[in-house]
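We have chain F; now place chain L onto it with these hints.
Taken in order, these protein sequences are the chains called F and L.
With the numbering used here applied, the first sequence corresponds to residues 6 to 717, in that order.
With the numbering used here applied, the second sequence corresponds to residues -16 to 311, in that order.
Certain hints may be false.
[Stated by the list, open to error] In silico lysine-lysine, DSS-like type, Cα no more than 27 Å apart, as pairs: (1) F/Lys713 x L/Lys21; (2) F/Lys128 x L/Lys21; (3) L/Lys122 x F/Lys60; (4) F/Lys128 x L/Lys29.
Hints in this document: simulated from the structure, not taken from any laboratory.
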Amino acid sequence: MNKDFIGESLDRVDGRLKVTGAAKYSGEYKPAGLTYGVLVPATITSGILNAIDTKAALRASGVIAVITPFNAPKVPGYQPDAPRPMKGLKLFNDNKIHFNGQPVALVIADTFERATHAASLIKCKYERQSFATNFHENMETNSKPAGEQHKEYVRGEANAYKSAPFIVEESYTLPSEMHNPMELHVTTAIWDGDDKVTLYTKSQGVISSQRAIATAFNLEQKNVQINSHFVGGAFGSSLRTWPHEIAAVQAARMVKRPVRVTLTREQMFLLVGYRPLTVQKIGIGATADGKLVGITHESFSQTATYEDFTERSVNVSRFLYASPNANTRYKIVPLNVGVPAPMRGPGEATGAYALESALDELSYKLNIDPIELRLKNYADVNPETNLPWSSKYLKECYQQGAARIGWDKRAQKPGTNRDGEWLVGYGMGGGAFGAYRGKTQARIILSADGTVVIKSATSDIGPGTATAMVVIAADRLGLSADKITFELGNSALPVAPTQGGSSTVSSVGSAVNDVCVALKQKLYNLSGKPENSTDPIDYTNVLQQHNLPSLELTTESDVNPDAKKYAMYSFSAHFVQVYVHPVTGVVKIKKVVAVVDGGKIINMKTASSQMIGGAVGGIGMAMTEEAVIDDRYGKYINSNFADYHVPVNADIPQIEAIFIDKPDPVLNPLGTKGIGEISLIGVAPAVANAVYNATGRRIREMPITPDKILKG
Amino acid sequence: MKQFEYVKAGSTQGVINALAQPGTKIIAGGTNLVDLMKRGVTAPDKLVDITHLPLKDITATSGRLHIGTLALNSIVSENSLVQKKQPLLSMALKAGASPQLRNMATVGGNMMQRTRCGYFYDTTLPCNKRQPESGCGAKEGYNRMHAIFGTSEKCIAVHPSDMCVALAALDTTVIIAGKKGERKLAFTDFHKLPGDTPELDNHLAKDEIILGIEIPDNNFADHSYYLKIRDRQSYAFALVSVAVALDISNGVIRSARLAMGGVAHKPWRLYDAEKALAGKQPSVPLFEQIARGAMQGAKAYQHNEFKINLASNAVIQALKVASGLVPA
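Extracted from the complex, chain F is given alone in its bound form (with noise of 0.2 Å):
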């Protein structure tokens, strides 16, 4: 035994599970007595229902109910006067209509197909009230400050890159991205009684899930069980108890039955968030030897006119280059639509893209080599705190990169390299992502027979987190994987934070080494070994020694204090190469290389699979996504899969997925730092900066489609 598991490449342990279909999803428990509820759409984009009939829908075969804002039981968690009063939407707490496509019935029937026809016999009555949804239009006049998490940023002079001698000033535009993952969001609500509810739903986080449950309807939280045992994607859209999960809740409890709502594709664009459309602004100035003189970052986005919705797009403009001069500034626009939610590194992909773009075309301006420039202007400490770095190899990153990309057959002067009649070009783009860890609790139970059970109530929205923490158990207790199982996905389960920010191996993975080194240490003290002793001990004559059918530990592992010392950041540089055709404007990506510097790897497997995905959603980033509303009815125009592009195989090259994997020696006793958001971070500049490199022509407005290759 005593095998070193960390960084082997171990098949996810639930991967049988998924392919064969037994994995059982939110959506596939099916409670005796359910029942199924279906939303109904305001089809106007801003006013007041002033009735609603729904009588000939009541009629129809099979509905038990129909919720509306006037028959609706009031939500406690919705209350003004509610010990904690619930942000954003309060769907049937009021008649207000802020967008298009705001539920305004909650049909319950007998099928989904009867609910879904009764759902269209619903007849509105609204008073329309003006409304506003298009961007570009409210950006300068209607935009405000983005809150006090986000004030202005001066570090040395403002706007100090206008006095340096070569400057870019330029504007770059992303448009509102859609999470669209694969498994729809699905909510199925079971009451036992008045005063407890399980859930099944999914779910990023099934302990703020619970604590959102228990809030909305004034629940001890121990009653509200949440289960997310599987869950098909997600990107940070499960991050929130949404109104409709309250809603599938606030049925079950009316019609006393089991209700599953489902939400639709189109629903999908409207009900649980997305990228904001955002403009940013990027000024940046150097000295004639690449020295940055001042940057200068101003982003406006998207957010609803009942929630603000802010992320951290300006602030990789004060850390990722040690410019002397800095400011940053983020303003948030109000309008008619549902409310965003952080999308697969969050912020900085935003960011990252608008300054990685700036900097490649200072690169051009200055005649320096990209990564000669980013060279040139790195940072050693973090320059918009001081604090030392609590790992960084980013320059690792970008040298392993070159080479793997074949930087050096890249042309300096754009436009100028051919392979037949393409345009061939590189692009490079780096990013930082924080590196987070949280409080969390882990179990394990070793049994006679020499297995072993771990649980905590993290989730799985994709990257594998069972996998790694039996990697990690695997390596700790020197047991073989197959040993080892691991239970997430449930509220009862010892508490674990949500999964986001790429902090999971590093905060459950953490509660996870933490709970099998005191095991083994009980077992050694049990065994009569010296406190340190590195003999070899068998777990199960241990157990048999003292009669123990079983033994369980529970530990809680908390951050290091000394986090506070450091500034904790992944790293990494995505390295693209394009073929562009200058006749019909088609652009191939060739090849992608990501290198990271996300700390130690735990399995480089799943690491690998993360990596491909959050390049492929770079890809949809650059290259496809767009959502567009017609600002004439204030709706989403493209709502579904046809007419919205996430990017398919045919638009996915080799992506090579490379990994620094040196251990970060602050965070956690893993020394791991997260790869989940900085998978996608840098990639659409990378992409946008080789088809400039390719063609000459600098796409700021994305996504890159031919008739913008084409243009002008």
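Same frame as chain F, but now just chain L:
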């Protein structure tokens, strides 16, 4: 979705009889019809399933290739007779939809698919095609995917098919059956421009059924190319597409066929370009001249002006590849 009756057709005549009853529609692969029903765009009372009728054959007889209406898009695209005699059709089919859809979609269904205009699909927005006299949402709306040729005040939608663009170029004939027996129609006369009746996509009567298509043999096999330009490399409708078939011997174009997709309410055949190519030697300057001519009369809207330039470039590129000046 409204409740509807579902029956399996016993025979072609049975289908024709069933279609006499209003509210009855044929279903085959269902790859478009089911979407339309789910979105409430269409709500038939009765569906007649024809998938088991013996109309799947692909045969070569007396100078013609016959393809039954129920032949699957995937089967047709991989069929050796099609690949040998009409490679343009195979290329166009493979450029369409996704493998999963092509495995369900039939030739007749492909011809009958409705536009993918977002305003047509959203029952809360105006659309003259879905709801006559309700207005055209696209004309002043988001019209990036819309037509630049043959539009009317009432409709600027495009026909979404790739297969039909190739069939229009290949002088195909459509075989149709109705109450009065069988009739034949030139493929280029099957679909129609929107005019004042955008609710009608084609000239098939409500009680008629497509039995199949016939493509006359030709000398285009060595110089055929289907170029599709789209926002992603698979499962996306054409921004523009071009079907080119050339008969070249001794370095001279003897005869040419050209049609464009993604630019009009029907496959847009370029007759003048075909005439201008005949008797000439392939060259880039010639193709540039042809492309310029092909764009005569193009009319753009707010978001689709790029299509004029893109379509022109696509004609040039498709001709270059088909004539062998450059590799595909």
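Enumerated hints in conflict with the structure, sorted upward
The structure breaks hints 1, 3; every other hint is satisfied.
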